[in-house]
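All chains should be built: construct the whole structure from the sequences, respecting the hints.
Protein chains: 2
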Amino acid sequence: MSLPKSLDILYGGTELLAKYVSELTDGKFQIQPFASGELVGAGQIADAVANQTIEMGHSASQYYYGKDPTFTLGNGIPFGLNARQMNAWLYEGGNDLLNTFYAKHKMHALPGGNTGGQMGGWYRKEIKSLEDFQGLRLRIGGLAGSILAKLGVVPIQLPGSDVYVALERGAIDAAEFTGPYDDQKLGFVKVAPYYYYPGFWEGCAAVHFFFNLDLWNDLPPAYKSALTAAAAAANMDVLCKYDAQNPDALRALLGAGAQLRPFSQDILDAAWTASHETYDELSSQNENWKTIYSNMIEFRNKSYAWWQVDEYSYDSYMIRARARK
Amino acid sequence: MSLPKSLDILYGGTELLAKYVSELTDGKFQIQPFASGELVGAGQIADAVANQTIEMGHSASQYYYGKDPTFTLGNGIPFGLNARQMNAWLYEGGNDLLNTFYAKHKMHALPGGNTGGQMGGWYRKEIKSLEDFQGLRLRIGGLAGSILAKLGVVPIQLPGSDVYVALERGAIDAAEFTGPYDDQKLGFVKVAPYYYYPGFWEGCAAVHFFFNLDLWNDLPPAYKSALTAAAAAANMDVLCKYDAQNPDALRALLGAGAQLRPFSQDILDAAWTASHETYDELSSQNENWKTIYSNMIEFRNKSYAWWQVDEYSYDSYMIRARARK
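Line by line, the protein sequences are chains A and B.
If you read the first sequence in the numbering used here, its first letter stands for residue -5, the second for the next number, and so on.
If you read the second sequence in the numbering used here, its first letter stands for residue -5, the second for the next number, and so on.
Hints should not be assumed to be uniformly reliable.
Copies of the same chain look alike in the list, so a pair counts if it works inside one copy or between any two.
Here are the simulated BS3-like pairs of lysine-lysine, each with C-alpha atoms no more than 25 Å apart in a straight line [what the hints assert, rightly or not]:
1) Lys296 / Lys284
2) Lys13 / Lys218
3) Lys22 / Lys218
4) Lys(-1) / Lys13
5) Lys296 / Lys179
Don't read these hints as lab results, they were simulated from the structure.
Just so you know, these numbers come straight off a predicted model, no measurement behind them.
Below, the structure is given as structure tokens:
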């Protein structure tokens, strides 16, 4: 697992997969989970799976953005799908497309968890408009970092363990992580209390179980089926746990002094434009990206047309009714 | 399965469970699916499972509303949870609570599918305000029907197969079914073109796999685990298929003449009030209801506080950006 055990919901997905597969095979098929760094580092899982240093990994595919930005598509891109749309896209064709790409990297993948919508991170000072993004040293990586750089942000890559001290000392101005449940553990509220939403660069973040392709292909059918069903159950479980825990965590963070702030319209609009320009550039340069991105974005656009009518109007009423009580 | 094979996404959940369980047990544990009416009628599954006429069933628990309104809580109530919240509630405690209730009816249940948000049905004439609900003969059953009756609607129970002719002849004024993908097959658009949203009486509809409690308890651990993992995978699969198919179906329905209309504010407000009055009445009369309902509604209220900040603000921006393009 490319994360530490302290991210217990995501790491719990790894453990749940192992537990299910053991139970489903009467203990014959054992998977032994290791946290980030115990066998290989977070960013080395794709290589380690490909060369069979490890047989499988559990990871956010955006860690491998440097190999090919296409890896980000399995994880979630700025202004991409929300969590339900992501699952629908993955299981109804998207994951098969991703696997034609992952096969080039000697891997086969199954969806293995989702954080749901993420927050836009913790800021030492208020960000009132796009101007406040100029020169802002924000801990963020990958594709989202390169898009925010077009808006004037200085993306900084830092290991999670170093972020608190960097924020406290002002070595960085802001840091994004995931959402309230995970963010709460890191204590950023004490040193960077402005907590922005929505996390437009991750409408959701999916993680995958990655298998060495040859080893996957050699598995007996019952074991493939055990991994597939167990991965689906773990995928569901992770999202359910975030959805169940984030409300209390947000309330606790507000109690601890978090100042909730929405990103301003000019920031969202500039980020939307920069994101889609980046996607068009990538589509013109990279066939892997083009094939999968165009499929995903068509799904997104169709899905939101329906979402707006039903899910969104239901949620709108529920939110208004709640406020009135 | 308490539905016909023509509802292929929900019936597909039954088939997927059977397929997974067979694969996971190397063909040793076989489940044979039957559609509604092949062994027992749609409304008889709870009794048939309890008395072991059948060993398990796949059904919307609201069919058994007549036994105890508490059955509706596993399915979805007016102004209840949306689909993601429903899964989070079920897997993080709600389903255990439901199982303490189902045990009184000699059943054990696992979540086994979700339609996502439903539509508010098909109407021969426009419903411009609460006044137009007076005397309106609407095909709807169960708890939602009894709540709408407080608003002046005349709830009519009709088998799905009889609805089209009743609408065509004006024997009923309106009918609710599920959402675009299923509704499209029934052709209601030709005889009742006004298609209302949101389906406030079903923010989502969950279905469950029901097992005879004694038979469930006697299963070997590996078989329990196979059913649990397979049910989770089927639960996910059903929702993903609806989410993937509804957008195209809505577009096709609009092409066929469907007139999309939002329910008016006075209807939603009156229905909200009538629903919560009904829930309070039930809580004062029925301990089963009170225990599970109060847990669910606390979850709903907490969840929407977080949903509003992040998921909803993300969806809001995505919908606005899409409209601007």
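Right, here's what the structure says about each hint:
1. Lys296 / Lys284: within (18 Å within a copy, 40 Å between copies)
2. Lys13 / Lys218: Both: 15 Å inside a chain and 13 Å across chains, each within 25 Å.
3. Lys22 / Lys218: both (13 Å within a copy, 17 Å between copies)
4. Lys(-1) / Lys13: within (16 Å within a copy, 34 Å between copies)
5. Lys296 / Lys179: The answer is between: 20 Å across copies meets 25 Å, while 37 Å in one copy does not.
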